[in-house]
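Model the full assembly from the supplied sequences, consistent with the hints where possible.
Residue numbers (my numbering), protein chains in the order written: chain A, 1 to 337; chain B, 1 to 337; chain C, 1 to 337; chain D, 1 to 337.
In short, the hints are calculated from the structure, not lab data.
Hints are not guaranteed to be accurate.
It does not matter which identical chain is meant; a pair holds if it fits inside one copy or across any two.
Unchecked claim - List time: in silico DSS-like cross-link candidates among lysine-lysine, alpha-carbon distance up to 27 Å:
no., residue 1, residue 2
1, K220, K56
2, K56, K3
3, K222, K4
4, K94, K313
5, K54, K220
6, K6, K222
7, K56, K94
8, K6, K94
9, K94, K54
10, K316, K54
11, K94, K82
In this text the structure is predicted, and so the values were computed from the model without any measurement.
Protein chains: 4
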Amino acid sequence: MNKKLKIAILTSGGDAPGMNAAIRAIVLACNRYNYDCIGVYHGYNGLINADIAKLKIEAVNNIIQQGGTLLKSARCPELRTKTGVQQAINTLIKEQIDALIVIGGDGSFTGLLAIAEQWRGQVIGLPGTIDNDLDGTDYTIGFATAINTAIEAIDKIRDTANAFDRVFIVELMGRNSGHIAFNVGVACAAEQIISFENFHPSQAEDKLAELAEEIYAEQKSKDNSYLVVLAENLWPGGAMHLAEQLKEQFNIDCAACVLGHIQRGGSPVAKDRILATKLGVGAVQAIKVGKSLLMLGERDNEIVEVALSETIKHSKTVNENLVAAQQNILALTARSN
Amino acid sequence: MNKKLKIAILTSGGDAPGMNAAIRAIVLACNRYNYDCIGVYHGYNGLINADIAKLKIEAVNNIIQQGGTLLKSARCPELRTKTGVQQAINTLIKEQIDALIVIGGDGSFTGLLAIAEQWRGQVIGLPGTIDNDLDGTDYTIGFATAINTAIEAIDKIRDTANAFDRVFIVELMGRNSGHIAFNVGVACAAEQIISFENFHPSQAEDKLAELAEEIYAEQKSKDNSYLVVLAENLWPGGAMHLAEQLKEQFNIDCAACVLGHIQRGGSPVAKDRILATKLGVGAVQAIKVGKSLLMLGERDNEIVEVALSETIKHSKTVNENLVAAQQNILALTARSN
Amino acid sequence: MNKKLKIAILTSGGDAPGMNAAIRAIVLACNRYNYDCIGVYHGYNGLINADIAKLKIEAVNNIIQQGGTLLKSARCPELRTKTGVQQAINTLIKEQIDALIVIGGDGSFTGLLAIAEQWRGQVIGLPGTIDNDLDGTDYTIGFATAINTAIEAIDKIRDTANAFDRVFIVELMGRNSGHIAFNVGVACAAEQIISFENFHPSQAEDKLAELAEEIYAEQKSKDNSYLVVLAENLWPGGAMHLAEQLKEQFNIDCAACVLGHIQRGGSPVAKDRILATKLGVGAVQAIKVGKSLLMLGERDNEIVEVALSETIKHSKTVNENLVAAQQNILALTARSN
Amino acid sequence: MNKKLKIAILTSGGDAPGMNAAIRAIVLACNRYNYDCIGVYHGYNGLINADIAKLKIEAVNNIIQQGGTLLKSARCPELRTKTGVQQAINTLIKEQIDALIVIGGDGSFTGLLAIAEQWRGQVIGLPGTIDNDLDGTDYTIGFATAINTAIEAIDKIRDTANAFDRVFIVELMGRNSGHIAFNVGVACAAEQIISFENFHPSQAEDKLAELAEEIYAEQKSKDNSYLVVLAENLWPGGAMHLAEQLKEQFNIDCAACVLGHIQRGGSPVAKDRILATKLGVGAVQAIKVGKSLLMLGERDNEIVEVALSETIKHSKTVNENLVAAQQNILALTARSN
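Spelled out as C-alpha cells, the structure:
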C-alpha cells in the first residue's frame, strides 16, 4: 500500500460540467497520498499519441467552478481498433502508469474495458455525462447542471410564450434517454412531456392528433401558453418537424426551440461539484487499496462501487413514481381544465 | 394641465424584457398625477376587441423584475385594414381615452400612426424590442437583456467548444439588423462575426472559402475552439446550412446552435429596468404637457423626443468605431496567430 | 374514499424556494381528485384570523419558478398558547376543513402537532426549509437552491479574493446545523470550513491560532486567496469578529461577508421544484387514503412517510463520508502545499 | 510610428469585472501592431518589485468572461513615497518600457501621474472601478456588472421580504458615491433609496422618523414588503445600525443585509466586456499616435480622451433626471398609496 503510485486521468466523450471538479479532487487526493498524477489530453487520443503531462496542484486551483474539462475531451475511433488499444497500452507501460481513471459515459467505459483486457494496471471509471443514462449510479456528473441550465432557458421561453399565449416545442438533449427531458419537463411545469418514458415513435400519428386536440381545448378555455418538452432523437424529424406538423395539419401557430449545446457547458451546480469531489476522492482511495475494473457512483446518497462491465449493459430508467405522478396527476389535471 | 386624464397602454410586437418595468413606471406616474391608467390586452387586438381593464397600482407590484409583459402582446394584422383601425379608434372614443402609449417596435409605431391620423387623442411610442433597430434612440428596452442572455448562453457553449477544440456556429436574433449579433460577437470574443455590418449574402461563396481557410490555420497552430456568431436572416439557409457547407465542402466538423427565443425572455438587466422606468415616467410627463406623435428614446444618456414618423424611416446602424475595432484590430489579430 | 375533501395548505417559518412549487402540486392534485383546496395566508396566523381563500388552478399558473410563497409566511407566537391553538381549530372546524398540509420546518411541525391533539382532521407536514436540518428526509425543499445561491455568490467573492490574494471569511445561514456551510464549503473549494461538524465554540482560541498559522503558510508559499466558510451561530461574535481577531492578533488582513437573506430567495433550482412537486402530489394522495400525522420526505430518492413526532426529535447530521473526505483528503492536501 | 513599442499594463485598486476584458483587448491590439506587451503583477507593487512578465496572446484566451484580474491587483502605499515612485520608474527604465497603461480608479491615476512627472514614457489610464465615480466617462469598467449583481441579489431578498411583508435595509457598495445605490434602488423598485444624492448624514434623525412613519403607513394600507436601499459610508453606523434604530425607537421589525464583496466579482455583463474592449483597443491606438497623460473613457457612446489630471478633481454625479424622477414621481407615488 505504501508504494508511490502513478495515476493517470482522462476525460472522454461528451464533456459535462463537474469534470473539472473531479479532476481537482483526484489531483488533491493524489497529493495527499503522495502519488503522481498524470493528465492525459484529448481523451483516449492522448494515450495513443502520448499527449500527457504531470498535473500539479496549482493546475487545479480555481477549476471547481469551471465548465468543460481542462484535460479536453474527444471521440476516439482509433480505440475501437486493436492497434489503437495497443498504442494506448504502450503509452501506459512506457510511462509506468499504475492506474487509469476515466471520466466519461458508457462509450468511454467500453474503451477502458478494452484496455483493461490487455493491461495489468488498475482501471476506474467515473460517471461523467449530462445524460444521466449510466446504470449503477443515481446521478452522473453533469446531469444536475444540465437540467438547471435547461430550466433557466425554458423559464425565459415561458416569458415570451406567456406574452403571446403561444405554443412552444422545446427539444432537449439526453441522447437515447429521457432523464433530462422528463425532469426538466416536470420542473418547468410543461403542459406536455414527450419522452422515452411515455412515447414511442410509432405512436406519432395518434399523439399528434391528441396534442392538437388538447391545445385547442386549452387555448379555448383560458389565456395561456402551452409548452411541450421533447426528448431529442425521439419524434420523427425532431421539434422543428413537430412544429410544422401542428401548423400544417392543425393550423396551430407554434414555435420550436432546440436548446442544444448550452446544456453541456456552464459552471457546475453544487450537486455536480460535490458529487464529482466525492467520486474523485473515492477513485484514488479505491486505487490505493488495490481495486480495479470498477465504476464509482452514488446510490441512495452513498458512494458505491459497480463492476464496469455492468454499467454498460443497460441504460438507467427515469424514476417510476415521478413518471406516474406526472401522467396521472399533473398531466391529467392539466387536461381537465 | 389639471384635467384628470385617462391614459391607455399597450405592448405590441415581439415582447422584450423591461416592458413590464415600463408599464409599472407609467402606472406609478399616472398615480402621481392622479390620472386613470387603462391596460389594453394582447396588443392592438385589445383595442379592437375592447379587451381592457383599469390598471391599479397593486397590479404592478413586483413586476419590474419580470420578463414578458403582463398586458400580453400579439401581432395584429387587422390593424393594417381600415376597419381594424376604425374599431380600435371606436374603443378609444367609447372609453374616453385621452392618450395612448404603445411600447413596441417600428411595426407597432406604424399602427399607432394609422390610429393617430383619425383620432384626436395624444399618442406616444416607447421603443420596446430586443433588436435595438429603432432610429432615434441609442437603446431600445430589451436589447441589453437580450445580449446578456446571449452571452451567458455562448459562454456555456464556449466551455464545450473548448473541451473539443471545436468549431461552433451560433445564430442570434436581431431581425434585419446586426445589433445583437455584433455586440454579442465582440462580448464573447467570437473568432468570426458574420453580421449585416460586414457581410452581404452575395459574398457567401467567398466568405465560406475564407472561413474554411482561417479555421484550418487556427486549428493547425493551436489547441482551441473557433466560434462564429451569425446574425439571423443573413446567411443563405442559416447556421445549420453553414455548418453543413463547412462539413461537406471542407471536411470541417462543426456544430450549429440557433439560440432562439431564450433571447426574448428573462428578468431584465439593470439597464433595461432603468431605461424603461425613465421612459415610462417621461411618457406620462410628455402627455401631461400636451405632447403627441412622439417616441421617447435615450440618446447620449438623456431622454429625447423624436417624431414617431422619423423612427420608422430607417434602421439604426451599429456603432462604427466598434465595427472598425473588431475588423481591424481584433479580427486581424486572430488571423495573424 | 370518494368523499369530496376540503384540504387547507399553509406555509410557515422561514420561507424557502420551492414552497410555491409544492403549493402548485397540491392544488393540481386536489383538482385531479376533485377536492377543494383552501389557501391559508401568513402561516398559522391565517388560521387564527380566518385569513383564507379558495385556491383555484389559475392561481398556481407560472409559480413553479417563483421564490417566496404566494401564501406568505410568518412566525406565529400565538400558536404556542392554548387560546391560539383553539382559535386555529375553530377556523378549521368552521370552514369544514378535512385535512391540513403545512409546509415548513420543525417549529411549524410542533405547531401542527399541537393542533392535531385536539382536532379530528388529517394533518400532513412537508419539509420546507433551506437549512436541511429535518430528520427523516435527505433533502428539504429549498436546501438545493440555497446552496446554489451561496456558491454563486462565493464564486464572485473568489474572483476578488484571487485578485488580491486575500483572506475572506464568508458566513452562511443554516440556523444550528452545518448542512449549508459544509456543502457550500466543499463545493467552493474553501480552504477552511468551520461548521458544526468539525468545530465547537469552546475550541475557538486554538482554532484561531491554527487558522492564522495555516494562512501564513499558504500565503508564503504561493499567490492565492484563502477562503473560510463559516456556519452562522457558531463562532463567538460571528464572521465579523473572526476577521477582527485575525487582524488584531495576527495582523492578517481579511474581509468578512455575511451572505444573509439572499440565501432564502430566488427561483428554485430543478431539484427543489421536482422534490416539491413529488411531495405535494404525495401529500394529497396520502390524505386520500386516510393518512395523518405524517411528514412526507425523500430518502434514497424515494418518497417516504415519517411520523411527524419523529421529525422534531433530532436534527439531521451532514453525510459522514463527505466530512471525512473533506477533513482527511481535501483539507490536509491544502495544508501540505 | 513604426517603432516596435513595448507597452506595460497593470490593474490597480479595487478589482472590477471587465478588467480582464481590457487586458485582452490591449494584448490583441499590441499583437496587431506587433508591439510587445508586458504584464505587471499586483498593481504598482509589480513595478516596484519588478514582478513582470511578457503577455502572450494565449494568456488572454478565454478571459473576456472572467471576473477579477489575471494581473492581480493591490493597494500600494509605497507609491505615495518618493522612493516607491523612483523604484517603479527604475523598473520601467530598466525594462525599456515605452508606455504604461493603468486600469483603475482615481487613486490609481494619482499614482500614475506621480510616475509621469519623472518618467519620459507615455501613460494612459483606463477607468476600472465598480463605483462609477470617475469624472470624464459616463461609465467605468465594472459598474454595469456590479449593479446587475446587486439587483439579482436584491430580487432574491425581495422574495423573502414579500413572504413576510417585511422591511429590509440593503447596504450597497459605492465608496463615496451613490451611482450603485441609486441605480440599483431604481432598478429594484426600492421603496426608499438613501444615497448621497438625496440624503446627508446630518439629516439622520429626521429621516429616521420620516422613514418610520412611511413604513407604518405602507404596512397598514397593504400587504407588502418595504425595501430600503442604502449607500455605504453614509448612514451613521450603516445598515445594521439603521435596522436597530427602527426596531428600538419605532418597534419596526426589520432585517439588514450588507451585500459586500459579491458586487466586485462575477463574469462581466456585455456592457463591461464591450466597453473594456473598446477602451483597451483605444489605449493602444492612442499610444501608437504618441498620446499620453490621458484617460480614455466613454461619453455619449463615443470613446473620449480626458486629461488624467482632470479625472481626479471631482467625482461624477448621478444623472439628475433619474434622481428627479425617483424623488418626484416614483417615491411620491409610493407614499401616496
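Do the hints match the structure? See the list:
1. K220 x K56: Between copies, since 18 Å is at most 27 Å while 63 Å is not.
2. K56 x K3: Intra 19 Å, inter 41 Å, cutoff 27 Å: intra-copy only.
3. K222 x K4: between (69 Å within a copy, 25 Å between copies)
4. K94 x K313: Cα proximity of K94 and K313: none, with 32 Å in one copy and 59 Å across.
5. K54 x K220: between (64 Å within a copy, 24 Å between copies)
6. K6 x K222: The answer is between: 25 Å across copies meets 27 Å, while 65 Å in one copy does not.
7. K56 x K94: Answer is within: at 21 Å inside a copy they meet the 27 Å cutoff, but 33 Å across does not.
8. K6 x K94: Within one copy only: 12 Å inside a chain, 45 Å across chains, cut-off 27 Å.
9. K94 x K54: Answer is within; shortest intra-copy Cα gap is 15 Å, inter-copy 36 Å.
10. K316 x K54: The answer is neither: 35 Å in one copy and 41 Å across copies each exceed 27 Å.
11. K94 x K82: Answer is within: at 18 Å inside a copy they meet the 27 Å cutoff, but 59 Å across does not.
In summary, the numbered hints that this structure violates are 4 and 10.
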